[in-house]
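Taken in sequence, the protein lines are chains B and A. Quick note: the first sequence uses my numbering, first residue 1, plus one each step. Quick note: the second sequence uses my numbering, first residue 420, plus one each step.
Just so you know, these hints were derived from the structure itself, not from any lab. There could be a bad hint or two in this list.
[What the hints assert, rightly or not] As a list, the in silico DSBU-like pairs of lysine-lysine whose alpha-carbon atoms are at most 30 Å apart:
#: 1; chain 1: A; residue 1: 566; chain 2: B; residue 2: 148
#: 2; chain 1: B; residue 1: 85; chain 2: B; residue 2: 68
#: 3; chain 1: A; residue 1: 566; chain 2: B; residue 2: 152
#: 4; chain 1: B; residue 1: 390; chain 2: B; residue 2: 68
#: 5; chain 1: B; residue 1: 152; chain 2: A; residue 2: 501
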Amino acid sequence: MTIAEKILAAKSGRSSVTPGEIVEAYPDLVMSHTATWRSAGVMQRVGATKLYDPDRLAIVLDHISPAKTEKYAADQQTSRNFARKNGVTKFYDVDAGIAHLVLMEAGHVVPGDLIVGTDSHCTIYGSLGALGTGIGYTEVASVWITGKLWLKVPESVRIVLEGRFPAGVYAKDLMLHLIGRLGADGCSYKSVEFYGGSAADLNVSERMTMTNLAMEMGVKCAFFPPDAKTAEYLRDKLSDPARYHPVYADPEAAYEQEIPVDISKLEPMVACPHEVENTKPIGEVAGTHIDQAFLGSCANAKYEDLVVAAGILKGRRIHPGVRMIVTPGSKKIMLEAMNSGVLQTLLESGGMVTNPGCGACAGDGGTLSDGEVCLSTANRNFIGRMGSNKSQIYLSSPATLAASAIRGAIADPREFLNR
Amino acid sequence: MRAKIQGRVYKFGDNINSDIIIPGRYLIYVDRERLAQHAFEMLGEGFPDKLRSFDILVAGRNFGCGSAREQAATAIQGLGIKAVVAASFARTFYRNAINDGLPIVECPALAAAVKEGDEIEIDLEAGKILFSGREFVFPRMPDSVRKILELGGLAEYLKSQLEQQSNAT
Ligand code: SF4
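So that you can see chain B by itself, here it is in the shape it has in the complex (with noise of 0.2 Å):
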């Protein structure tokens, strides 16, 4: 069996299964962010008074945080008493951060765990080696009460990575070569696995931007097969270490398909409006002139995505034109960035820094008026996502959002990685 199979076996009570088969499956966390009082909302609708085990539920508050409005100030409200009521101590308020984020820093994500939530990009969970996957307000209410849901065994799909990457080209710019290449449902309904000699070398975070982006091209989930870089990341993490209990496909395992990917032949790319399959290489839409420039995002704004943002941006200035906006993924990244001086380098480049969250991928601030142009390292560029539906939005790395924010144009990181 690949890795998913095992997974949904497991949770499923079963000793196989076979792509295609529907089972019901007992997931280990069900994960709610800002939608978590639209959930609360269904249970008291249905007459449940009972959650399966409060302790399968992690809740984030954030998208839209700090509340701007008091309606979402209310509806916090009503997600911060259902926690308390319910005693689900796997709370975390506004100040946290990125729930994706926030859950693994804080060791809830567990290597060969059924993990499911209110958000798509779930399958950021797979790079530590569980299943992430995401479902809708109702569905998770549903969880909360019976403890399982239906779900249909995938297809697997092996992606192999060799090579190294070249100078100035990341985790972001390979996924975003794979997007393009398969399309936005190049992967629908599946699930990938990442391997290769360079899958082996890819740190966490670049696992994570990985298995994030993945969701891109329709994956049900993506995984990095656990090795000692994931034992390491949750060493300190995990309250109960015996719960480290990584899965593996077995050799024998049948895959629909093999995808193999020198990376060393990768170049940086641009996601263009208003699909991320719309990618084209730096070369094609270098000196497009852009007003914005938003690092963040449960893509690339961990602390090595700002590390790398703020080596390019050292001694430098931003172009007097473009506003970028550096949202730290979660406060324990923004701690980091601020003990290591990352973020008065960016400060002092020219940036602002808000508070950790979701902030302007979930139109929170940094709101496009009609004709502007957003260069983000976020993982969709949506018509409209960031404002109105006449501006547009590109998508790139860190490393090409700083060299970008310098030249007041999309440019090429490789400009300036050379001092």
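Starting from the structure of chain B, add chain A with the ligand where the hints point.
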């Protein structure tokens, strides 16, 4: 949910994402009517009102991709749309539609055959769509899933389950 759904088709292309169906800033709403007022407004002048005179949405590949927001299905229902047929759906939208009580059908051949204004009839029970004298078949949904649709969505389904439980004890 009626077993047969009949009506006029509005036609979309590929990759209609859930940010287009309902932009993030309206997720503060959960009721159909409020959401419907802003559904598809990203598409510009005339939307969403234009869609209210149609009964069934037909789309190309990957309808509902992107965000897992359930309100995408709710907003479509608010427009008075009775079903969505597409060449393929993104998995989160597929689940949300069922959980919201919105009938949805994957049928690439029908999606390729129709254009705006065409009349079709979907027979969920039989697993086929009638269009200009032709029959387009699609795989029937598993009974468990049809049950959720029949009751009008997952919340109603849960409610009936909980009521059954409390009656039994
Ligand atoms: S950062 Fe953006 S993509 Fe990530 S969870 Fe928040 S809104 Fe969604």
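Going down the list of hints, with the structure as the test:
no.	hint	result
1	A/566 <-> B/148	17 Å, holds
2	B/85 <-> B/68	25 Å, holds
3	A/566 <-> B/152	17 Å, holds
4	B/390 <-> B/68	24 Å, holds
5	B/152 <-> A/501	25 Å, holds
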